[in-house]
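Protein chains in written order, with my numbering: chain S, 1 to 269; chain X, 1 to 347.
Read the hints as simulated data drawn from the structure, not as lab findings. Watch out, some of these pointers could steer you wrong.
Stated by the list, open to error - Going by beta-carbon spacing under 8 Å, a handful of chain X positions derived as facing chain S: (1) 10; (2) 330; (3) 333.
What the hints assert, rightly or not - In silico EDC-like cross-links for lysine to aspartate or glutamate, where the CA-CA straight-line distance does not exceed 16 Å: (4) S:77 - X:101; (5) S:78 - X:101; (6) X:39 - S:223; (7) X:39 - S:208; (8) X:39 - S:211; (9) X:204 - X:101.
As the list claims (entries may be wrong) - Okay, the calculated beta carbon distance ranges per label pair: (10) X:175 - S:109: 19 to 27 Å; (11) X:134 - S:193: 19 to 27 Å; (12) S:223 - X:182: 43 to 51 Å; (13) X:204 - S:164: 24 to 32 Å; (14) S:208 - X:339: 27 to 35 Å; (15) X:34 - S:208: 21 to 29 Å.
The model shown is predicted, which means the values in this text are computed figures rather than measured ones. Ideal placement from N, C-alpha and C gives every residue a C-beta, glycine not left out.
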Amino acid sequence: MTFLERNFLDIRNLDLMARGSSLVHRLDPRAKLLTTLIFIVTVVSMDKYTIAQLIPFALYPFALTALAGLPVGYFFKKILLVAPFAVLIGLFNPFLDRTILLHIGPLGISGGWISFASIMLRFTLTVGTALILIGITSFSGICLALERFKVPRVFVVQLLFLYRYIFVLLDEAGRMARARTLRSLDTTGPGIKTFGSMVGNLLLRATDRAERIHLAMLCRAFDGRIRLMSEPVIRAVDIFFILGWSALFLFLRCYNLSEIIGNSALEFL
Amino acid sequence: MHMADALISPAVGGTMWAATAGSIAYCARKVNLEMDDRKVALMGVLGAFIFAVQMINFTIPATGSSGHLGGGMILAILLGPYAAFLVMSSVLTVQALFFADGGLLALGCNIFNMAFFPCFIAYPFIYKKIVGDSPTEKKIITGAVLSAVLGLQMGAFGVVLETVASGISELPFSTFVMLMQPIHLAIGIVEGVVTSAVVIFVWKARPEILQYAMNAKPLKGVLVRNVALGLLAAALVTGGALSWFASAHPDGLEWAIQGVTGSPELSEPEQGIHGNLAALQEKSAFMPDYGFKAGTEEPSEAAAEEAPEQWPAVDAGTSTAGLVGGLITLLVAACIGLLLRRRNLAT
Numbered sequence: 001m002t003f004l005e006r007n008f009l010d011i012r013n014l015d016l017m018a019r020g021s022s023l024v025h026r027l028d029p030r031a032k033l034l035t036t037l038i039f040i041v042t043v044v045s046m047d048k049y050t051i052a053q054l055i056p057f058a059l060y061p062f063a064l065t066a067l068a069g070l071p072v073g074y075f076f077k078k079i080l081l082v083a084p085f086a087v088l089i090g091l092f093n094p095f096l097d098r099t100i101l102l103h104i105g106p107l108g109i110s111g112g113w114i115s116f117a118s119i120m121l122r123f124t125l126t127v128g129t130a131l132i133l134i135g136i137t138s139f140s141g142i143c144l145a146l147e148r149f150k151v152p153r154v155f156v157v158q159l160l161f162l163y164r165y166i167f168v169l170l171d172e173a174g175r176m177a178r179a180r181t182l183r184s185l186d187t188t189g190p191g192i193k194t195f196g197s198m199v200g201n202l203l204l205r206a207t208d209r210a211e212r213i214h215l216a217m218l219c220r221a222f223d224g225r226i227r228l229m230s231e232p233v234i235r236a237v238d239i240f241f242i243l244g245w246s247a248l249f250l251f252l253r254c255y256n257l258s259e260i261i262g263n264s265a266l267e268f269l
Numbered sequence: 001m002h003m004a005d006a007l008i009s010p011a012v013g014g015t016m017w018a019a020t021a022g023s024i025a026y027c028a029r030k031v032n033l034e035m036d037d038r039k040v041a042l043m044g045v046l047g048a049f050i051f052a053v054q055m056i057n058f059t060i061p062a063t064g065s066s067g068h069l070g071g072g073m074i075l076a077i078l079l080g081p082y083a084a085f086l087v088m089s090s091v092l093t094v095q096a097l098f099f100a101d102g103g104l105l106a107l108g109c110n111i112f113n114m115a116f117f118p119c120f121i122a123y124p125f126i127y128k129k130i131v132g133d134s135p136t137e138k139k140i141i142t143g144a145v146l147s148a149v150l151g152l153q154m155g156a157f158g159v160v161l162e163t164v165a166s167g168i169s170e171l172p173f174s175t176f177v178m179l180m181q182p183i184h185l186a187i188g189i190v191e192g193v194v195t196s197a198v199v200i201f202v203w204k205a206r207p208e209i210l211q212y213a214m215n216a217k218p219l220k221g222v223l224v225r226n227v228a229l230g231l232l233a234a235a236l237v238t239g240g241a242l243s244w245f246a247s248a249h250p251d252g253l254e255w256a257i258q259g260v261t262g263s264p265e266l267s268e269p270e271q272g273i274h275g276n277l278a279a280l281q282e283k284s285a286f287m288p289d290y291g292f293k294a295g296t297e298e299p300s301e302a303a304a305e306e307a308p309e310q311w312p313a314v315d316a317g318t319s320t321a322g323l324v325g326g327l328i329t330l331l332v333a334a335c336i337g338l339l340l341r342r343r344n345l346a347t
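Same shape as in the complex, but just chain S:
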């Protein structure tokens, strides 16, 4: 429970971050969403043994957090929290791919370890950037971008609604769980039968709440559309942001910047 509670606290943290007013915060949400998607696709399109060529891509998340003034350590901690799955699947690689690809002195390193390192690097880059996207855009900003990208309105409204009621229902569920814990001697949690009626009860309360909300919305002339205060316009800055970063990603995809710099550095030495 504490793990989930911490997770939900994180929603609040990320949302607070998104309230900043830095240069990147003020960019159009569409520009940020699109650029981040291009970033992820480019990173993921690399060959599976790539390590060095992936590293320069870190510039994008670093630049975003810096410009927006977000705490980098926070994102690293979040990445560590969700890493186990990728580690689990990736760890099979060293055992299955034993071809020795790299020699460092007497030590032979197999292709499996290289591709494992590559997986972890991609994981850090893609997960970090996705979290940063929320931290600089806010959830409603992303929903707005989705609506402008012609995602069906029902779905966008659904996302906004869901987001609004997560906290309300979460508090309700938390209260129920606490009440049960206080009245029982065990510490493991309810059995399936009790769980069924607890969740069923929660569900009934949720539907009642939905009904009340719906009536309240009708009273306020709801017509199936949620209107947001700011109507964004694409400015030159946004176009520049998209094109500039995309060009850089394409360059990094085609040329191994690490190699080039490394070679010149070694030559210089």
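Use these hints to put chain X onto chain S, whose structure you have.
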């Protein structure tokens, strides 16, 4: 069961995105058509409900460990397949954005695995067939368990197929299947039992709520055709984009190498970059002993010339340069970050 961006290829991710987008568009139209206005609020609140339920853990009998509910089947039973698909997609989107549970590119895969199968296969073909119009306690339990198990099995199989097709993980198909299916059989049974417990409670307390789902119209083959068309279009587009990536590299250097070696196999992107680097390495000739050797034993002097023809195309002989350069770029990136931050604070 959430897949991460790091383990999929753009082709697989793009294809599944297209399939999912098609399904969402179709469901949105369907929900719009049968819109009973109350459903908007209900869908939103039930999506939040799925998150809230995960706050309450239950004890799995005989093991003492605790689990929590996934939710796809409960939504399908309460809302009908179309609305349930939208709600489940929204839940997965929020998980991807805020909890990094599954990546953005993998979102298409995740929605397909965890929302499409329960809503459009397990629910209409199993749960509905078994429970019918006159539910009893026994029917609900059988239906919920069977459909949860089948939905999860198909989802897990989808994970396996998508991962293997992406080729980032080395796990061979058979091993991965043997790993995923039994685990998800156990999870499916638990999920089914819990789902039926919740559904039975609701059915006893407020039977009219279950009627929402009963009213949804059956499929008429349209959705399946839409999805198939979407998959096909996506495969074409991503295929085209990939071949563009592949052909984006024949720069001068590579042409030169091709002229020298006479090897026609240089069209692969990795080999393109690779050929580039091999030539660079030839110029700098830095400690050839430290180089990548693609499996076979061969004299290191020859590595630079012969490397372009090899597969897998790992940067032969330039790994040290790569690592050094990588560290430098990482430092530079971090420094740029620090500088930007400082300037930001100053203004």
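Results for each hint:
1. Hint on residue 10 of chain X holds. Least Cβ distance to chain S is approximately 5 Å, under the 8 Å limit.
2. Interface restraint check: residue 330 of chain X against chain S, minimum CB-CB distance 5 Å, threshold 8 Å, status holds.
3. Because the closest C-beta pair between residue 333 of chain X and chain S is about 4 Å apart, less than 8 Å, the hint holds.
4. Proposed proximity of residue 77 of chain S and residue 101 of chain X is supported: the alpha carbons are some 14 Å apart, at most 16 Å.
5. Between the alpha carbons of residue 78 of chain S and residue 101 of chain X the distance comes to roughly 11 Å, so the proposed pair stays at or under 16 Å and holds.
6. A hinted pair counts as satisfied when its Cα atoms are at most 16 Å apart, and residue 39 of chain X with residue 223 of chain S qualifies at roughly 13 Å.
7. About 12 Å separates the Cα atoms of residue 39 of chain X and residue 208 of chain S, which keeps this hinted pair within 16 Å; it holds.
8. Among the hinted pairs, residue 39 of chain X with residue 211 of chain S is consistent with the structure: their alpha-carbon atoms are about 9 Å apart, no more than 16 Å.
9. Annotation: proposed proximity of residue 204 of chain X to residue 101 of chain X is violated, straight-line Cα distance about 35 Å (limit 16 Å).
10. With their beta carbons about 23 Å apart, residue 175 of chain X and residue 109 of chain S fall inside the hinted range of 19 to 27 Å.
11. Checked against the hint of 19 to 27 Å, the C-beta distance between residue 134 of chain X and residue 193 of chain S comes to roughly 24 Å, which is consistent with it.
12. Between residue 223 of chain S and residue 182 of chain X the CB atoms are about 50 Å apart, so this pair conforms to the stated range of 43 to 51 Å.
13. Taking 24 to 32 Å as the suggested C-beta distance range, the pair residue 204 of chain X and residue 164 of chain S conforms, at roughly 30 Å.
14. For the pair residue 208 of chain S and residue 339 of chain X, the beta carbons lie near 55 Å from each other, so the given range of 27 to 35 Å is not met.
15. Distance hint check: the CB atoms of residue 34 of chain X and residue 208 of chain S are about 22 Å apart, consistent with the given range 21 to 29 Å.
Hints 9 and 14 from the earlier list are contradicted by this structure; the remaining hints agree with it.
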